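Put the complex together from the two separate chains, hints included.
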Amino acid sequence: MSTETRKLDRVVIRFAGDSGDGMQLTGDRFTSEAAAFGNDLATQPNFPAEIRAPQGTLPGVSSFQLHFADYDILTPGDRPDVLVAMNPAALKANVVDLPDGGILIVNTDEFTKRNLTKVGYDSNPLEDESLDKFQVHKVAMATLTIGALEETGLGKKDAERAKNMFALGLLSWMYHRPTEGTERFLREKFAKKPDIAEANVLAFRAGWNYGETTEAFAVTYEVAPAKLNVGTYRQITGNTATAYGIVAAAQRSKLPVVLGTYPITPASDILHELSKHKNFDITTVQAEDEIAGIGIALGASYGGALGVTSTSGPGIALKSETIGLAVMTELPLLVIDVQRGGPSTGLPTKTEQADLLQAMFGRNGESPVPIVAPQSPSDCFDAVVDAARIALKYRTPVLFLSDGAVANGSEPWLIPDVDSLPDLQVEFATDPENFQPYSRDPETLARPWAVPGTPGLQHRIGGLEKQDITGNISYDPENHDRMVRLRQAKIDGIEVPDVEVDDPSGEAKVLVVGWGSSYGPIGAAARRVRKLGMPVAHAHLRHLNPFPKNLGEVLKKYDKVIVPEMNLGQLALLLRAKYLVDAVSYTKVQGLPFKAEELQDVLADVIKGVSA
Amino acid sequence: MTAIDLGIPGLTGVPTTDEKQTARDYKSDQEVRWCPGCGDYIVLNTMQSFLPSLGLKRENIVFVSGIGCSSRFPYYMNTYGMHSIHGRAPAIATGLAVARPDLSVWVVTGDGDALSIGGNHLIHTLRRNVNLKILLFNNRIYGLTKGQYSPTSEEGKVTKSTPLGSLDHPFNPVSLALGAEASFVGRALDSDKAGLTSVLRQAAEHRGSALVEIYQNCPIFNDGAFDVLKDADEAQRRIINVVDGEPIRFGREGEYCVIREGFGLAVAKSADVDASDIVIHDASDLNLSFALSRLSTQDLTHTVTGVFRRADRPTYDDSARAQVNEAKATKAADLSKLLHGKDTWTVVG
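So the protein sequences, as listed, match chains A and L.
Take the first sequence: its letter number 596 is residue 596 in the working numbering, and every next letter is one higher.
Take the second sequence: its letter number 242 is residue 242 in the working numbering, and every next letter is one higher.
Hints are computed from structural coordinates only; laboratory data are not their basis.
The reader is advised that the hints may include incorrect statements.
[Unchecked claim] Computed cross-link-like contacts, DSSO-like style, restricted to lysine-lysine with a CA-CA straight-line distance of at most 30 Å: (1) A:K157 - A:K113; (2) L:K342 - A:K227; (3) A:K189 - L:K331; (4) L:K328 - A:K393.
For clarity, every value in this text was computed on a predicted model and none was experimentally measured.
Bound-form chain L, shown alone (with noise of 0.2 Å):
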């Protein structure tokens, strides 16, 4: 369990390797079990070509999941992986990282493992800040059970078990995560290969607690969930993609921007306004990410991809660390004194 320094916060102490690392090593021998056409195979196949750049370890590297579809995932991964119970993945991950600061760690988690059952782990999981890497594979739909409505299904929405439209108000993922002050939050589509490597490299190299959404359709019980930020064209009006520091514009000329507007944030036309006033965005500052979050809207008439926030605050597990090594540090492991106390007597024969 050596510590390596890499000077990547994220993988600070995870050994790594110069042999050559390529997808193929990052397959298992498992044959792949998801519908033809889902976007699980998308965000694999990303995951594994993406994984060789970061030099790790393969056997440094764990896939902790909970249930559902997207939970599979360690299965085709060719490092340590624990596809858990229903919601639980956060918890579970977060003992394996606080006993462990030579992994690296990932969760992979649906909308309803994740936003569901398993909600109040996520929140507390990102409160504490537990260095684990989550990516929130959201497809809107109960796949695995077989098309019940999730909590990210839109008001309304038909399904096997709302066939009069569902009551529910969805979650903003986003929005959630940095309500619980999560010190990294991004978003991509499953189907943006380029986008969804760059979120989850900044992930990776994140210390803390990243949560990663992800777009991901699911054809057979939510088919077309995402259609309309995949067509060329309405994507250019829909999408609004924010990169650090820069200003926030969209468009195909960037004929789109973001300004503030009350105590939030706004899309106007970059023409009718100034440019000093276009936002610039700033992944630190939480209240910024959080206007950003509140963009996108159920009906995809805008949905911010990107990092949306990236800050630094101490993680727990290597505050608990800290915490046993300076006991350890200041005081001998005498386990005969320890039982001894303070107070005792002796009987003699």
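Chain A with its partners taken away, still in its complex shape (with noise of 0.2 Å):
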């Protein structure tokens, strides 16, 4: 028998296992592969807090989720085409988002009456009706990984472990997808273990052979590369762009990084990336607490570097005393927040925006500082080089608000020409005629940045309120709330670009507004609904404060505006509360993105009701 070969525009794919069944790693390098081979992608990993949470349990479920296509896409996809579970846990976990007719290719050697009872299944799934509905391929994969590996002299436990790369072998297989990148990868990672990195190689290409010699998978299918804009693409994930991103500021800006910081889910990527840089001079400080953190990184302001912190909500909650003395002794400072479920701990690995207002007002005193959020993984590259540029050149502390899904999710990124980006260079101040530590430039209000170590610039700053234009230390009531004013006016100044909005038809009347990373299901849904013949337009703000000049006028041209945020509705309160818009909020907080399918429906409902 001959097999088929199908081709689609587009597939979703989920990898589900227990946590220490390497799916992150598959679902990465099967990425890699839809990368080569030139597909448009979107990746969403899930993992569970707990390292190794009890072994086969529902808790212990990874899964990375991953969508390829033939043209550009804008999110990770709402659910799984195919769905590779390597256990009951991560079946019972994840079919229930595959849709009839979905493909499941289940490792059947894991489906042990103990593995069944310890995640409640009274019979066996693959024996019952209850998988009827899908294209069941029962693969007993670590029996055939074993029997792979069998002349390696590799003992059972070690073989079983390349059951993951069977696995990718297999997928590699049904979509057509190129290897050689895969084997490459898998002998750099495992060089110092030889007979470790060619035992993944033969269960991968194991994999491979299965599904081309047995007849159990009658078709195959293909994805077309995508036409995407000309140019040098690579794979890249929220985290890595934003310290990519950190690092092109250091090198506009000729100006030495400090990063201050404490290891938190999920923001730790960003210490990890940066502390491989310091040849870009790059000083990576773990320090001994949030609240260290920050301080280092305020301290290595003061004294001429570009100080940066990462951290994530609960972080933030911990800096803020200290983001109060960078607003009020006018330093720069990178705050970056990469927002996961709350409040306290809540969900340290799933997604949120719930931090828009702590970011907005979460301090004592009136306390301005400017918000910037990237709206996909690549976007956090030009997002935090844009923040790094209000900090220096408005000497404030900036928060920027990435979050898990961002963070950790991964997309095809078209490589800045770097000559191309901004020119991030400040003057320090050194001329001591007249030098007044809070005298302030006449168009960005921003007070000099008087540097230790220059002759006769010598003065004192601190917590204090200042005396306007001198610095000193003053409590008169007058100064006080010019100092209030001049601080809200200097962040309210800040040049940002105009919201551009999104309708191609030109006639729509419902505007949805969005901010951050819910941007990829917001689009996807408006392209659904535009379809469908209903016209939309999309807004979606990377600059939360000062929010663009022209959105109050974008707001007002559209009968009915919707926000669909992670959070009880922060952006709509604030959208409210400025521009007295009647702005509907459409709000969920699973600590999972959005789907465009469920967006689909609210937009469609929204203008269904304003064309009524």
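Have a look at this one:
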């Protein structure tokens, strides 16, 4: 029997297994293969907060979803077309997302009575009718892997661990993926353990050969390369793009960077990445706590470096007082918040957008701070460079609100020409003639950056209220009022680009406004409703403080404004307060990104309501 | 940011000047606003008199403080300064020291600032051995908040917040610092200008974290806390001033001494012991330094002053710079190469 090949425009695959099964690595490799093939893609890992939850249990399930296509896509996909389940727990946790008729590939070896009982299966789903609505492929992956590695002399336990590569090989065959990259990767990854490297390569090939030689799979699929803009691409995650943006900011400002930080999920990868790039004059300090992390960053900024601190929501709570000190001392400071589910410890490995009001208002006193939010993994690069621009130019702490979805998600990135990046160079104050630490640039209202070591500019700064111009301590009521307003005016006057509205027909009466990582699902949902003949406009905010100057005008053009957020309506609250617009909230806080499908329904309902 | 070798390890890299400086050069134009009789005045004057002798460029000296009475110190120094937030001065100063090898960075803090709200930063700064000089003004009371007990107040102390007496067991700041393996720890009395100057000088010359505890009188909320150490007769019996390499004897005629006892040290009368049993201070010996710190008691029966410990070990900031410099020397800062990474693909039109 020859295998039929079907052409598809897009596919969503989800690899799911125990957190020790290597699902993240498997997904990552398939992603690289898709990227190398030229598909557009988007990924979403989903893993437990526990490093190794009890084996075979529901809390221990780790998954990686990958969406690849022959056109530009915006999200990692709502539901998988293909689910690879390595054990009963992975099946149970993920099968609800598989649509009827979807492809289900199951590692049968793990479906023992004990494992089934562990997750509450009374009968074996592979043997009853519960999976009849799917195209089920039962593959004894562990047995087959051990068999394939018999001659390597590797112990059964070690051999069995390569079963994720068997799964990858099988899927690579099904979707006509290139394999050289994965084999090269495995040999590099296990360079110090050549026998393990070979075992993984053999398992990978065994999976491929299994697909090709058995007749279990009647169909294979092809997804052609996407027509992307001309240029050189790579795959990148949000956290890596954020780290690279910081390196770029260091290069373009010609300043050293000092990152003071404390490990926290899901932000730690920014520290890991930056600590590898000391050759760009980047110092990373893993501090004793969150507060020390930002203190070190602010101390470095005071000394004339670009101080950066990275954290997640709970860390921002701890850093608030120092952010206030940076507001008062008017020093540049980049504060990265990779948001996760809250409050308190919340959902460390899940995503949420609920730190917006904390970023906006979470300090004592009138303490305005600019806020910049990236809309996708690769957008983290440009967005963080822009955040650095604002910090340096206006001498202010800037909050960068990434989140778990963009931080860990990945997509292709059109690598920029480094000469095209903005020039971020600043001038330090040097002239002692009439020097005043709190005099201001008439355009930006920024005060001079007078770093220690500059002759004749000795002065003292601190958290106490400053006298206008001289910076001396002042308790004068009029002066305090003036300084509060000056600090606010400085932030309000920050130049940010106008928000662009995506409304291809120009006939939309409904505007959907989003910010941050919801760009993908909102954009995809907007495309879908337009295809159904319903015009809708989409505006996505990178700058949340100050808002773009044209935002008020944009909002007023539409009959209805809807604001989907992964919180309980924080942006909507700000828009309603500032622009007196009757913005409608659509909110969800499940620790997961929106699905395009659900937003499609929400938008369609609103549009129908307006037309009626 | 030129690096100049003074031959003084603690100040290597900090630019010097040939211009003659006086204490007046270090006074800022701000009115000093401590209470009359506050020990902080004496420390400030001592510092302003001492700094000119280092011959550093004034603009390369920075004072960073936290919150509390003593933390107003930077405003009164005509150097660079930051009056930061409660307890965080060591962290901010660490960032500054890491970024700038050409600065002499001083931290001014108090018993509440350093040992209560900022205790974590203090021990970690000392453990890392960041090249900072930390002056801990210990008056055993909260002054700025008007008279609550502090982490160095004696057990049972009656204050505004402890009308029935404090339940807290106090820190011995020198023991705490030595427990964190601080590379330099000293103690001095505010009223002892010569002793304080000597410890400050050694601290300045030391490369690494230097903690100097200064017993400082608060005339408003804890007046006379250290009076027994300031009374000439009492002081003779109580103050054990240690000097590296010298036998530890004290009293008017050296009639008291320190000997080994069990795992620690004890005070004895010199006449009662063999001269060879008198301990010779070795500031590089952590165990000895710690044992010395234990001789100081809450009730000030004995108080050890001078330099407890002075030992060489790599500083955090020097090591951090060495890693960066090594990376810069061995790998070009090629941003385009970094952004491209290992795996790219090209889309052609």
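ask   = Which of the listed hints are broken here?
value = Result: no hint breaks.
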